[in-house]
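Protein chains in written order, with this note's numbering: chain A, 1 to 241; chain B, 1 to 259; chain C, 1 to 215.
Keep in mind the hints are simulated off the structure, nothing from the lab. There may be inaccurate statements among the hints.
[Said to hold, decoys possible] Derived lysine-lysine pairs resembling BS3-like cross-links, with alpha carbons at most 30 Å apart:
1) B/Lys233 with C/Lys109
2) B/Lys55 with C/Lys109
3) B/Lys91 with C/Lys109
4) A/Lys184 with C/Lys109
5) C/Lys109 with B/Lys142
6) C/Lys109 with B/Lys136
7) A/Lys53 with C/Lys109
Source: prediction; values computed, not measured.
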Amino acid sequence: MNMIREWDWSTVIDAFPLIFKAMWITLGMTIACYAFALVFGLVWTFIRRVRIKPLQRLISFIMEFIRTTPPLVQLYFIYYAWPLVPYVGVTLDPITTSILGLGIHFSTYISEIYRSGIESVDKGQWEAATALNFSTRQKWTKIILPQAIPPTIPMLGNYLIIMFKEIPLTAAVGVGGMLLTAQKYGAKFYEYMEPLTLVALFFLLLSYPSSILVQKLEQKMNRRFDKKPGGSNNGKEVTAS
Amino acid sequence: MEPIVKYEDVHKSFGDLEVLKGIDLNIAPAEKVALIGPSGSGKTTIIRLLMTLEKPTSGYIEVDGDPLWHKEVNGKLVPADEKHLREVRGKIGMVFQHFNLFPHMTILKNCTVAPINVLGMDKEEAEQRAVEMLEKVGLADKLEAYPSQLSGGQKQRVAMARALVMRPKVMLFDEVTSALDPELVGEVLEVIREIAEEGEMAMILVTHEMDFARDVADRVVFLDNGVIAEQGKPKDILENPQSERLQSFLERFRTSSSS
Amino acid sequence: MAISGYLDILSVLSRGLYYTISILIVSAIIGYIIAFVAGFGRISRFSFIRRFTMIYVEFFRGTSLIVQLFWFYYVLPLPNFWAGTLAIGLNYGAYMSEIVRGSILAVPKGQTEASIALNMSNWQRMRLVILPQALRMMLPEFGNYLIQMVKATSLVSLIGLTDITYQAMVYRASNIPQSIEVFVILLIVYFLIALPLIALTRWLERMSSKGVARE
Ligand SMILES: Nc1ncnc2c1ncn2[C@@H]1O[C@H](COP(=O)(O)OP(=O)(O)OP(=O)(O)O)[C@@H](O)[C@H]1O
Ligand SMILES: [Mg+2]
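Chain A extracted, bound-state conformation (with noise of 0.2 Å):
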């Protein structure tokens, strides 16, 4: 086994620029595969509703599937296996691929937070709706969801920060993020400690300063909803790999 070499600033020198434009491919990466998720993950959750037993109970294993193999073989299958699928196979580029990829899978995640916003409506506000005779429409716009969604900001920015951090999963089907960057530039020239300690600190001086703006944000929350701290997904932050 070889020895760690001597930290080389020339090389932090060299290699800062290129991974920090490669931060923006990152940052715009989870912006795309988030919105997607945040889109797709309502899809999930109004097909639920819909009051078809068996139809529950095959999205509910569809999203269960999703949400326990790994993100990185859905990769893979959007990227080798899709364009052979009859009939309906396309090719996809990497950015495509990697938007639906992530997309879909953190969707199976973000669509248990809506319901569980949805839940945490108590049934007395249906009730009261339906008793000031509101229609369907302005129950949801005007008593649930106003209810419903801001106790599930805090928990959509946990997951905000869990994207970005699985974004260099897609450097597996070549996306020019930052890990990729790094990883062409150590082969390269066979410097790979300073190009990817670069990028782990990137990661860490993005994703710490968030993770804290999202714990105020939660602490507010409990206080104006009157919940006791960190009763909805203290410490739950998960990863997806």
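Since the structure of chain A is provided, determine the placement of chains B and C with the ligands on it from the hints.
Below, chains B and C with the ligands alone, put in the same frame as chain A:
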């Protein structure tokens, strides 16, 4: 006779809030003292200091001749360490308002875990003693049940048995019936009464049950706003209150408990 | 496709099963040990221990698992088996230490007070009263994280460890027309590995609702 518990000018503050403002109180061995007073007057705090759940801000407490929060080194009093606290703590037992039974242990285990681990008793002896106490509180048929399977009154009786097996010299009761449904209060008070009649243990009872206090206590202490405002024989205190504060406290009490 | 084709794929995947499972077991063991060490560190009486463990936890939660994996593999450099198990173990250990800490703090204060009233020592209080109750809260969460770790093991294929994902990629490279079957079977195999763990977690969840004090 030397008192078993001595408070000398004990003060306790939580942050800026001074809760106890100089408590002097002696309790004789085997004496039963009822502690009454309005909410927030510091009753709980007084007995929590004795159980070492709270540390006094200043003052001196003695248990059975030993300083509680201090120890003597070369004739000087220095703050007590954990070792010293554990020695003195062995003489005190406590029953809590919310029982605080160990939910993951059977009733029997609840009553033997401390004798075995703290007193170093062997299992058989501990179980024998525990069963004896559980019989006394009328729960010998529940040995293998878990706390969640008992009613509040039963839980509280187990909690008493658990404290009794340690054979403390002083037993503290903090409003042990106030978390119970009204119809369960009687059974718990009955058990306390029996324990009290056996005699040898000193007891401090924080209670809102005035009739009970009159029956069981040798002395009633009225605490108001962090000081002992009045104390004496139950009959005198409860029927012939001197201070206006105590009069109005008892008055309020009569109206609220008869309603 | 003929049955024999599916069997081919399965037999290729089974060659990777040894690594997938052993990576899972070793990283889980590392992860759980770290979780307890760091979890207790976070509530230590000594502030320098608290600070040190907090830095560790925030560092491993703040940087991405894949980045850590690559760092261990390319920078240290560790052999790929140890890079994989250490990265997964240290990363999940950091997350799970929060569970350990949270569960211990979640045991109601009355339990501590009752143990003091029964004159237990600090260690007896932890061993006899607090930990047994905290464990009940932790176990279902540990189960959830174990399922996450199954997924994480697939990452080791990226550093050349011949787990099932790696084997699938190799097989696919020379059998391009079978890509769909390869990945579908691979996904199903992962699901089957996770299935007993899902059942275990559900069971632990049911068990843990018993025997914890509530205030
Ligand atoms: N840990 C604490 N931190 C801050 N304040 C406290 C704490 N414990 C008690 N207090 C305050 O001390 C005062 C006295 O409390 P204590 O519990 O001794 O009253 P009490 O006489 O037992 O009242 P009650 O009849 O309501 O039980 C109260 O104002 C209470 O808010
Ligand atoms: Mg009180």
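Status of each hint after checking the structure:
Annotation: proposed proximity of B/Lys233 to C/Lys109 is violated, straight-line Cα distance about 36 Å (limit 30 Å). This hinted pair checks out: B/Lys55 and C/Lys109 have alpha carbons roughly 16 Å apart, not beyond 30 Å. For the hint linking B/Lys91 to C/Lys109, the alpha-carbon distance of about 22 Å falls within 30 Å, and the restraint holds. A threshold of 30 Å between alpha carbons decides the hint, and for A/Lys184 with C/Lys109 the separation of about 54 Å lies outside it, so the pair is violated.
Of the pairs offered as hints, the one joining C/Lys109 and B/Lys142 holds, with about 26 Å between alpha carbons and a cut-off of 30 Å not exceeded. Restraint check for C/Lys109 and B/Lys136: the C-alpha separation of about 28 Å stays at or below 30 Å, so the hint holds. The suggested pairing of A/Lys53 with C/Lys109 is violated, with an alpha-carbon distance near 44 Å, which exceeds 30 Å.
In summary, the structure is inconsistent with hints 1, 4, 7 from the numbered list given earlier, while agreeing with the others.
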